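Working from the sequences, and respecting the hints, build out all of it.
2 protein chains.
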Amino acid sequence: MKTDVRLAVDCMGGDHGPTVTVPATLQFLANYPTVSVILVGQEEAIRTQLGQHQNVPHERLRIHHASEVVAMDEAPALALRNKKDSSMRVAIDLVKNGEADACVSAGNTGALMAIARFVLKTLPGIDRPAIVSVLPTMCGSTYMLDLGANVDCEPEHLLQFALMGASLFGAVEHKERPTVGLLNIGEESIKGNEVVKQAAELLRASDLNFIGNVEGDGIYKGAADVIVCDGFVGNVALKTSEGLAQMLAHFLREEFTRNPLTRIAALFAWPVLSAFRNRVDHRRYNGATLLGLRGIVVKSHGSADTFAFARALERASEEVRNEVLARITQRLAVPETT
Amino acid sequence: MKTDVRLAVDCMGGDHGPTVTVPATLQFLANYPTVSVILVGQEEAIRTQLGQHQNVPHERLRIHHASEVVAMDEAPALALRNKKDSSMRVAIDLVKNGEADACVSAGNTGALMAIARFVLKTLPGIDRPAIVSVLPTMCGSTYMLDLGANVDCEPEHLLQFALMGASLFGAVEHKERPTVGLLNIGEESIKGNEVVKQAAELLRASDLNFIGNVEGDGIYKGAADVIVCDGFVGNVALKTSEGLAQMLAHFLREEFTRNPLTRIAALFAWPVLSAFRNRVDHRRYNGATLLGLRGIVVKSHGSADTFAFARALERASEEVRNEVLARITQRLAVPETT
Chain E
1 MKTDVRLAVD
11 CMGGDHGPTV
21 TVPATLQFLA
31 NYPTVSVILV
41 GQEEAIRTQL
51 GQHQNVPHER
61 LRIHHASEVV
71 AMDEAPALAL
81 RNKKDSSMRV
91 AIDLVKNGEA
101 DACVSAGNTG
111 ALMAIARFVL
121 KTLPGIDRPA
131 IVSVLPTMCG
141 STYMLDLGAN
151 VDCEPEHLLQ
161 FALMGASLFG
171 AVEHKERPTV
181 GLLNIGEESI
191 KGNEVVKQAA
201 ELLRASDLNF
211 IGNVEGDGIY
221 KGAADVIVCD
231 GFVGNVALKT
241 SEGLAQMLAH
251 FLREEFTRNP
261 LTRIAALFAW
271 PVLSAFRNRV
281 DHRRYNGATL
291 LGLRGIVVKS
301 HGSADTFAFA
311 RALERASEEV
321 RNEVLARITQ
331 RLAVPETT
Chain D
1001 MKTDVRLAVD
1011 CMGGDHGPTV
1021 TVPATLQFLA
1031 NYPTVSVILV
1041 GQEEAIRTQL
1051 GQHQNVPHER
1061 LRIHHASEVV
1071 AMDEAPALAL
1081 RNKKDSSMRV
1091 AIDLVKNGEA
1101 DACVSAGNTG
1111 ALMAIARFVL
1121 KTLPGIDRPA
1131 IVSVLPTMCG
1141 STYMLDLGAN
1151 VDCEPEHLLQ
1161 FALMGASLFG
1171 AVEHKERPTV
1181 GLLNIGEESI
1191 KGNEVVKQAA
1201 ELLRASDLNF
1211 IGNVEGDGIY
1221 KGAADVIVCD
1231 GFVGNVALKT
1241 SEGLAQMLAH
1251 FLREEFTRNP
1261 LTRIAALFAW
1271 PVLSAFRNRV
1281 DHRRYNGATL
1291 LGLRGIVVKS
1301 HGSADTFAFA
1311 RALERASEEV
1321 RNEVLARITQ
1331 RLAVPETT
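One line per chain: the protein sequences are E and D, in this order.
With the numbering used here applied, the first sequence covers 1 to 338.
With the numbering used here applied, the second sequence covers 1001 to 1338.
It should be emphasised that the hints constitute simulated quantities derived from the structure, not laboratory data.
This structure is a prediction, so every number in the text was calculated from the model and none was measured.
Glycine is no exception: its CB is placed at the ideal position from the N, C-alpha and C atoms.
Each hint can be trusted.
Below 30 Å or equal to it, Euclidean Cα-Cα: the simulated DSSO-like pairs (lysine-lysine) are:
#1 K1197/D / K1221/D
#2 K1191/D / K197/E
#3 K121/E / K1191/D
#4 K1197/D / K121/E
#5 K191/E / K1084/D
#6 K1175/D / K1121/D
#7 K197/E / K221/E
#8 K1121/D / K191/E
#9 K197/E / K175/E
#10 K1221/D / K1175/D
#11 K191/E / K1096/D
#12 K121/E / K96/E
#13 K121/E / K84/E
#14 K191/E / K221/E
#15 K191/E / K1197/D
#16 K1191/D / K1221/D
#17 K1096/D / K1121/D
#18 K1121/D / K197/E
#19 K1197/D / K197/E
#20 K1221/D / K221/E
#21 K96/E / K84/E
#22 K121/E / K175/E
#23 K175/E / K221/E
#24 K1175/D / K1197/D
#25 K84/E / K1191/D
#26 K1084/D / K1096/D
#27 K1191/D / K191/E
#28 K1121/D / K1084/D
#29 K96/E / K1191/D
Residues from chain D that keep clear of chain E, each with C-beta distances beyond 12 Å, as calculated:
#30 T1034
#31 V1172
#32 G1212
Printed below as a string of C-alpha cells:
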C-alpha cells in the first residue's frame, strides 16, 4: 500500500509504555490512512497489546524489536553510551537510515535529546537544537521555544531559534511571514538582560517579521506567532502554566462539589463546563518537537494517555507532510541579515 | 488619637491616581482604626476626592502636598534626578525621616525602586533589593522573589533573597522555619544553569529550611513557603500566569454566553462561578514588597482598583505591625552558614 508518511514509534517510552503507545498508534492509523508506522520496542509486549485490538492495519504496521528500555530517570549520558539497543535509540536510528521520516517518543527528554543529537546531528547553521511546543492563545496558537533544552543561551542561539521557529510555523500553519516575539520583562527595548538585548538587535537586523519584546502575558494573548526565549525561562513559563491550570481546575471542581446545591448547579452547567474543558485540554497540544536536528523527532509528555499520544503522532506526521526539514534548511541557507 | 501604624500613600501613582488611591485609603482606614495615613500628592486633587466622601477620619489623615508626578513610563533615572517633589519621592522621604512607617505606591515600578534605593539605602548585608509578592497555591500561599528588580543575579543574591523572603514569611505568616525552594527546571540537583546550581549549594550550606529545587508547577502546588529566582525568570512566571488566567476566564465566559441554553446554565451556575472568581481574584493578592531596603515600600499594581489598592495598604500595615524590618536585620546579623 502506498503511504506518504512513515513514523517510528518508541513504544517503551513514557510512564505507561506500550499500554498507551500501541493503542494510540492504532487510533491514529485509523484516522490517517496514508501513514505507516514502525513500532519499536520489546516485541512480546507490543504483540500483547496488538492482540487486544481488532482491525489492526497490518499492511501499514510492523514491529522492530529493541531489547532495551531507557528509564525515565536515567542519566542522558549513560543512556547514550550504554543502551545501543533501546527502543528510543533504535527509533532514532530508523530516522537516520531513512526507514522512517520521523520518530515519536514519550521517554526521558534529556536522553531523547542527547541520543537524537548524537545520531542525527544538527542542521547546518544550527549550534543547538531547541524544544518547541504549540500553546493555545486567545486567538489561535503560538509556537514557543526553547522549552528546556538549553539553559544558557547566547544571543545567536535565540536568533537561530527564531529562524527555526518561524520556518516551522510557516510550514505547518501555512503562513508566509509569521510574527516573531522575544520573551522579555517589558516591551521597551531597554528592558531585560544583556543576552536578550543583544538578541533583539540580531532579530531586528534579520529578515524575520520581528515584532519586538513580548511579556509573559503576551504568550496567551497571542502577541506573536513564534515566541523565543532561553530554555530555562521557557521551561519555567510552561511548567508554571501547567501548575496554574491545575490549581484553577482544582478550585473550580471544589466549588462545584461544595454542597448539594452546587452539585445541582454543576449538573446544569455540565455541558458548558465540558466544552470549556475540551477547549483548554492540554492533551490536545501534546507533542513537542526537537527542532534543529537532521531528522524530525517529536517528544510526547511522559504521562500522556492514548488521546494525547495520538496527538503527538499527528504532529510528527504534519511536520513530515509539510516538509519542515527542507524548509528550515532552505531558510538557513538564505542570508540572515538584510 | 493613638495609632500604631503610620502609612504614607503616593496618591498620584497608578493608572487612576487619586480617584482610586483616596477612596481606597478611606475604605482601608474604616477597617483599620489604629492606622493613620499621610496622603501625598497634589493637594487640590486629593481634597476633591476627599470632598466626595462622608465620615472622613480627619484625626487619622493628613495631606502632604507634592507638586510633581512621576509618569508611568518615565525613565527611572530621570524621575530620580529631576522630580525631587514628586508624590512618590516625598512619600519615600517621609519613611526615611521617620514620619511614616511604610509607604505604598501604584506608580512606575522602576522609578519606585530607584528612588527607594537612593533615599532609603539597602539593609546591611543586602546587595540588591528584590520584589516579593504573595501568590495563591492549592494549599495556602507562597512568597516568590525576585519578580523583576534584578535581571541578572549572582548565586549570593539568590541566597540573600532567600534569607529576606524567609524572614518576611516568618514574620507575616507567623511560621518559625518556612520552607525555601529554588525555582529550577528539574528537581534533581544536576539541573539548571550555573547560577542556580551554585545558589543551591549556598542554600544547602545555610541554616535556612531549604527543600531543594522547585519546578514551575510547584509554585501553585505550594511546594515551598518561599520560592527564590532571578528577576527575569520571576517576572516571566508571574506575567505568564496573569496571561493564562485571563485567557481561561475569557474562554469560560465565552462558553457560558455562547447561546440561550448556555446562558440559562450560567444563571444556575452563577453563585458557584462567583465564589470561584472571588477565590482566585488576583486583586486579593495586590501589593508587592520592595524587600531589602531600610524602610517598608509596597508597590501596588498600576491598574489596581479601589479594592486592590486597599489590599496593598493592608500588606504594608501588616509588615509594619509584624516588625518585618527588625526581623530581617536580625536574621542577617546571624551567621549564614552552619
